[in-house]
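Chemist: Protein chains in written order, with numbering that gives the first Met the number 0: chain W, 0 to 755; chain X, 0 to 140.
Take the hints with a grain of salt, since some may be wrong.
Computed spacing ranges between beta-carbons, pair by pair [stated by the list, open to error]: (1) X:Pro6 / W:Ala127: 29 to 39 angstroms; (2) X:Pro6 / W:Arg107: 16 to 26 angstroms; (3) W:Gly57 / X:Thr23: 47 to 57 angstroms; (4) X:Ser28 / W:Asn719: 58 to 68 angstroms; (5) W:Ala127 / X:Gly63: 22 to 32 angstroms; (6) X:Pro81 / W:Glu15: 56 to 66 angstroms; (7) X:Gly24 / W:Ala344: 17 to 27 angstroms.
On the chain X side, residues computed to face chain W include the following (Cβ under 7 angstroms) [said to hold, decoys possible]: (8) Val19; (9) Thr21; (10) Arg39; (11) Gly41; (12) Gln55; (13) Ala62; (14) Asp69; (15) Val84; (16) Leu85; (17) Pro94; (18) Arg98; (19) Ala101.
In silico negatives: residues of chain X with every beta carbon more than 12 angstroms from chain W [stated by the list, open to error]: (20) Arg2; (21) Arg96; (22) Asp99; (23) Glu102; (24) Ala105; (25) Arg111.
Just so you know, the hints here were simulated from the structure itself, not pulled from any lab data. The beta-carbon is built from N, C-alpha and C at its ideal position, and this holds for glycine as well.
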Amino acid sequence: MTKHPNRWRRYDVWDERGIAQDRFAALDPEYGFAALRSPYDPAPSLVIEAGRVVLLDGVAEPDFDMIDTFIARHHIDVAVAPEAMATGSAEFARMMVDVNVPRSNLVRLATGMTPAKLAEVAALLNVAELTFAQAKLRARRTPGNQAHVTNAKDDPLQMAADAATAALYGFDELETTVRVARNARTNALALTVGAAVAREGVLVQCSVEEAEELRLGLAGLTSYTETMSVYGTERTFIDGDDTPWSKAFLTAAYTSRGLKARSTSGSGAELLMAFHEKRSTLYLEARCLCVQRAMGVQGTQNGGIDGAPITASIPGGVRAMLAENVLAALLDLECASGNDTRHSASDIRVGAKIAPTLAAGTDLICSGFGSIADYDNSFGASSFNAEEIEDFLALQRDFLADGGLAHVDHDVVVAARRRALDAIAAVLEELGLARVDDAMTASVVHAHGSAETSTFSLGQVAAMNEAMAARGIGLAEVIGALARRGFAIEAERLAAFARQRAAGDYLQTAAVIRDGRVLSAVNDPNDYAGPGTGHVPSPARQAALARMRETWTRERVLDGEARLAEAEARRMRLAPKGIAAKGDDGREVVVALGPGFGTRLHRTTGDVALSEVLRALVEGIEEAGGLARVVRVRHTADTSFIGLTGARLAGSGVGIGVQGKGTCVIHRADLAPHTNLELFPQAPLITARHYRAIGANAARYALGERPEPVRIAPYTGALNARHHVATALLYALEAELVEADALPQDLEVDFHDPRV
Amino acid sequence: MTRAFDPSDYPIGEKRLDLVATPTGRPVSDLTAPAFAEGRVGRADIGITAEGLRRQAEVARAAGRARLADNFERGAELVAVPDDVLIATYELLRPGRARDRAELEAAAAELRRAYGAERIAWLIEDAAEVYERRGLFRRRF
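Extracted from the complex, chain W is given alone in its bound form (with noise of 0.2 angstroms):
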């Protein structure tokens, strides 16, 4: 019973969906509770005097925070800003969509405006409009993705062959971080050997402290970081615990240590942290977006990120994640757009947020794709998890958009995943870090997640990572143990990797590597301008793109058929005896069967033998009075056009079509063609308890009496989606049989018990 007696049931339907797990904040620019616009956002303004910006945004120079101080002296190209300032913001946000003005125009005068000039124009474009600015304004050509690779345990066996399982469906970028902070060695350690089973190149990153990160670059063990925060109000900066110029000290640090760097922002954190001054969340993220780029960072991680949940509360707080991705391309930033925090409780939310970004392309898709669990995902979970790999693929699939990754066949998956478990095994061994038996690594090679592996504790974990901090080892030493150890492919790749280091490509915009061949925002510029231009996937990339794990054929259907005509042959025997003629008995009903029926085809979409479906029929038909005739229609596949031949043949006027794939109808002589008696259109629904009930009240029908229609349960899911291909191709099968001018055939029918 419900608990609400005089409340709409529909409420109760709705309270079991993940949507009413969400809650929505009501627009409150007062609390911060904005997105693309409030009324407490500043006009654009800009006042140069002698080469100096000394009015920034309604702010004169004596009153600037740090973040203006920052934005003046290091963003504002001050020759570019007295056009970039001019041009209306209407006129830039159409120019922004005018496939005729090229990207480096746009990316000129952007450097020329202000934070509020940009979130202004960024607010003016609807989610159609900021898809096509996304498809032209992002850096690099080609679209990436980034996975987050970690799990419950921080067990390095588990993440290598996890990180093989990544690279290999794509990934351009592995991300891990750790649940005991002193684990972080034997993470990167596991994500380096793990990548390099599958791929040369693959980057890694392992988000911990600072200090840390450094180290763990330094070492090698790492090639790009991102956890460089940036926020939009002063006081949030502080209580991140640093400011524009600590961060852009640290991205150098990160650089001389040849990292590639990434900054993130995103909107909804200066909400979360109380001091968002009452500026709409896409102003703040402008003013992040324009720090990073005066810090000189390559790019960013975007698009809401911890904060998505809080920006997506708010009205318009999806297209606004959408505008600050947007705008990070405008500034010229490698843009990992965001997807990462799930959003939402409603799958319908997540799918459609990723669409935009997935069609128009970026940089990275997701700044953090959960390439394994959930429950495993340290981060927290993402959008799109190991769980959801096949939602996006098929995403891919449906647009022949390419997100970065591909399906892997499942014995490639599982050779790579062994083959990361013994190597890391070596390596670890080789080292003197641990020994590893074989129910370990047979723990994790299938597993899905750590719920399912016995491998080390989290203590013998820490005992190997402070094995590595003293003896400092890292990339050299992991190389010099794969190749002692037999692993020259996965030694080479990492040394090829060593060689990458030294001449620092990756360092460069939007830099990934694939196949050894570093593609950045210099070498692979992203040279969008309207269609058929930019990343156009090559035929071999679409054939990937349209990969899943299973995928229907004719010869599948043709092979399935030949499987169960031998069985059938024992079960039934349909032989013609003859042009059929119109019968005189009232009480004759004729089953009119179609080409295929028995034929090329012997079971229907519902799964049911079509011997079964014949007996039921004409069983049904005799236990209600009638009489039965079995005919083979030949001129017509088509279910009314069966159904309406047999009721004419039948003495008593009424005749049921069926179709190879099971479809149904109950007809009668004297109506057209395409009205019915009943007619039963979802052959998957239908059981053969149903069919024995269609032959009875056929026979009812006959007989002249008034049977209550058969009743079949209505299905709610996609029940085509399930069945429209094996139907199509099935019908296919039998529409081909079809001899235009041939004459019904009397059937005789001949059941031979299997179980007799």
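Got chain W sorted already, so can you dock chain X onto it with the hints?
Modeler: Just chain X, lined up with the frame of chain W:
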């Protein structure tokens, strides 16, 4: 005679590996798996040099990314700075760590003197002035 470096040589690792050296001055082609296995090269040979970063700065500048180029040049200045100095300087730049403007300016002067880190020194001096004006020398813990 090897051709001089030009930004169009990017990716340098593909087109001009002849220009690239390890931090120990070896040709980068020495970094092979067998060399690591036999101990002929080791941890000191992995990394990027200041010269390598300045080349990347040229590439970035030629591609119209002046701010990124500035960062690569600041990074080049920090290649020779030891980890503990890097971490201590970063820590000092965080809010409420330095007591006053002079402490930051002293750190800048030392980096300039010991490592020739001119751009890094500017960055810290810039910070010192702003931190004073915005009251960022207030103790936080």
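Chemist: None of the hints should be skipped; say for each whether it holds.
Modeler: The hints, checked one at a time:
In this structure the supplied range 29 to 39 angstroms holds for Pro6 of chain X paired with Ala127 of chain W, their Cβ-Cβ distance being about 37 angstroms. The hinted range of 16 to 26 angstroms is satisfied by Pro6 of chain X and Arg107 of chain W, whose Cβ atoms lie roughly 19 angstroms apart. The hint said 47 to 57 angstroms for the Cβ distance between Gly57 of chain W and Thr23 of chain X, and at roughly 54 angstroms that hint holds. In this structure, Ser28 of chain X and Asn719 of chain W meet the distance hint of 58 to 68 angstroms, their C-beta atoms being roughly 60 angstroms apart.
A hinted range of 22 to 32 angstroms holds for the C-beta pair Ala127 of chain W and Gly63 of chain X, which are about 29 angstroms apart. Between Pro81 of chain X and Glu15 of chain W the Cβ separation comes to about 60 angstroms, which falls inside the hinted range of 56 to 66 angstroms. Between Gly24 of chain X and Ala344 of chain W the beta carbons are some 57 angstroms apart, a value that contradicts the proposed interval 17 to 27 angstroms. A distance limit of 7 angstroms between C-beta atoms decides the matter here; for Val19 of chain X the minimum to chain W is near 5 angstroms, and the interface restraint holds.
With a cut of 7 angstroms, the hint placing Thr21 of chain X at the interface with chain W holds, because the nearest CB-to-CB distance is about 6 angstroms. Interface restraint check: Arg39 of chain X against chain W, minimum CB-CB distance 10 angstroms, threshold 7 angstroms, status violated. Annotation: Gly41 of chain X was flagged as interfacial toward chain W, and the flag holds, the nearest CB pair being 5 angstroms apart, inside 7 angstroms. Taking 7 angstroms as the C-beta cut-off, the interface hint given for Gln55 of chain X holds, the closest approach to chain W being about 5 angstroms.
Contact between Ala62 of chain X and chain W, as hinted, is supported at the beta carbon level, the nearest pair being about 5 angstroms apart and thus within 7 angstroms. Taking 7 angstroms as the C-beta contact cut-off toward chain W, the hint placing Asp69 of chain X at the interface holds, the least distance being around 5 angstroms. Interface restraint check: Val84 of chain X against chain W, minimum CB-CB distance 10 angstroms, threshold 7 angstroms, status violated. Checking Leu85 of chain X against chain W: minimum C-beta separation of about 5 angstroms stays under 7 angstroms; hint holds.
Because the beta carbon of Pro94 of chain X sits about 5 angstroms from the nearest beta carbon in chain W, less than 7 angstroms, this interface hint is met. Given hint, Arg98 of chain X at the interface with chain W, is violated; its Cβ is 16 angstroms from that chain's nearest Cβ, farther than 7 angstroms. With its C-beta approaching chain W no nearer than about 16 angstroms, Ala101 of chain X sits outside the 7 angstroms limit, and its interface hint is violated. Chain W leaves Arg2 of chain X outside its interface by the beta-carbon criterion, the shortest separation being 16 angstroms against a cut-off of 12 angstroms.
Not every beta carbon of chain W lies more than 12 angstroms from that of Arg96 of chain X, the smallest distance being close to 9 angstroms; the non-interface claim is violated. Even its closest Cβ contact with chain W, about 16 angstroms, leaves Asp99 of chain X beyond 12 angstroms, as expected for a residue assigned away from the interface. Every CB of chain W is more than 12 angstroms from the CB of Glu102 of chain X (nearest about 14 angstroms), matching its label as outside the interface. At roughly 16 angstroms from the closest C-beta of chain W, the C-beta of Ala105 of chain X stays outside 12 angstroms, upholding its exclusion from the interface.
The non-interface label for Arg111 of chain X is consistent with chain W: the shortest C-beta to C-beta separation is roughly 14 angstroms, beyond 12 angstroms.
Consistency note: the structure conflicts with the earlier hints numbered 7, 10, 15, 18, 19 and 21.
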